[in-house]
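Protein sequences, first through last, are from chains X and S. The numbering of the first sequence is my numbering, which starts it at 1 and goes up by one. The numbering of the second sequence is my numbering, which starts it at 1 and goes up by one.
Derived from the structure by calculation, the hints contain no laboratory data. Since this is a predicted model, take the numbers as computed values, not measurements. It is possible that some hints are incorrect.
Any copy, or any two copies together, can satisfy a pair, since identical chains are not distinguished.
To be verified - EDC-like mimics (lysine to aspartate or glutamate), calculated; alpha carbons at most 16 Å apart, straight line: (1) Lys75 / Asp22; (2) Lys75 / Glu15; (3) Lys30 / Glu15; (4) Lys155 / Asp88; (5) Lys155 / Glu92; (6) Lys42 / Glu67; (7) Lys155 / Glu116; (8) Lys155 / Glu115; (9) Lys155 / Asp114.
If you want the building blocks of each chain, they are given just below.
There are 2 protein chains.
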Amino acid sequence: MRRILILAFMTPFDEQPVTTTDKTFIQLRKNIVEGVIPSGLKLSEMELSTKYLVSRAVIREAINRLESCHLVERKANIGARVVALTPDGLVELYQVRESLEGMAARLAATNMTDEEIADLNVLLSSHFQTVQTGETYYQEAGDVDFHYRIILGSKNTHLISILIDGIYHLIRMYRVQLGMAGPRVTTAFDEHKHIVQAISNRDAELAEILMRRHISYTRQNMQNILTRNL
Amino acid sequence: MRRILILAFMTPFDEQPVTTTDKTFIQLRKNIVEGVIPSGLKLSEMELSTKYLVSRAVIREAINRLESCHLVERKANIGARVVALTPDGLVELYQVRESLEGMAARLAATNMTDEEIADLNVLLSSHFQTVQTGETYYQEAGDVDFHYRIILGSKNTHLISILIDGIYHLIRMYRVQLGMAGPRVTTAFDEHKHIVQAISNRDAELAEILMRRHISYTRQNMQNILTRNL
DNA sequence: TTAGAAGGTTTTGTCGACAATATGGTCGCA
DNA sequence: TGCGACCATATTGTCGACAAAACCTTCTAA
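The task is simple: from the sequences and hints, build the whole structure.
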């Protein structure tokens, strides 16, 4: 049930949009992450308000939220534009991600309930099956779900907020727009497995080390693709 | 010149307020951090707009920014209230801080220019002198300045943003409202000195270890005071 | 020809009013 | 007496218009 939502919208978290601003924000974010609104573009409030059939106030508030996610940059009296994707930016982003998700894995090894860990193992099994079928879209969703569960398992609200509200959409933006369908998916599975084992053993230090290494590999992989494409 | 600003407003960074929203946001943030607007209070948009002599739209946007800093929590159709300060929240906050500032110190050891490191040593010396005079207000400002320089020295925009825009005001809120005038100031000086030495030697690993330890000590100190006060 | 100023145009910032939702109190009923 | 529905009130969400700032074009002068 919950996974269906994940696959459908790729916004795995119960951020139920209640106001029109919420809906507009989520729609804009989706379009930016997926490149429908291209990187670097100036966001005109008037234009967007006619396009999305809402008032300028709604657009303004949505843009403010996008700025909080670091998906757009805003200058007073000038306007907002979608962030540029650069190799340096990718490195900076992954430096932060490595540190924070390493920490998340460490905390998760201590703070996840036995039930949550059991669920994580179930997820890993189902992930293993889809890996064998070779459906990259499902793999991507599975990967995101895996990381999200560990982040939530840290039980640290600040950490969760920084990662999920703050940098995960940007990570996905790099992935999608650089065309990372991922030759690394199958190898990443083994890394996931070892991380889950460490968490199951409540080995916090090892979980952190393995997670950092896992993300470091991912970064190297992305950098390779990035330089190859340039 | 720059330090005068720091001492005057305790907002050490060139966030020049240009719009009235900027000014209102900064004013509200200051009042929340310093407890003039008490923790847990509901923020009424109408009330604030009459109090600060600006329109509701300005207040709304300011509140949105406060939410981005995690200084208020907002619920759709209900409203925003100032965050509560709890022992658990403090621990979570410092877990994140330790990880991120440790990383900042590591990156700073690599990325700071020789000139910036020289400036940091100058700051340390002047800090040493003020420590001897025993002026806690200056000491606090000096401490903040020290940490800010290292954070900026990391040259990682995400890290800088998360720490300075995101969690530093909340840290200061805990400090101010728990009355941390700080018996730890003088001992902290030695820790600062060793961190600067590591950075001067371009020893990234050591800088991270020392910074993490420094922040861990600070956390323990605050937890002691917090439990003592309860 | 180019640099700079002036004015018109476009865009963002701010405002007050209306619509929709939540809150609080009262009444009725079991 | 206690619980739930209903209505009045208050608060937030959304909108369109006005004010102010940035931009673009054109014109002038060195």
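Does the structure break any of the earlier hints, and which numbers would those be?
none
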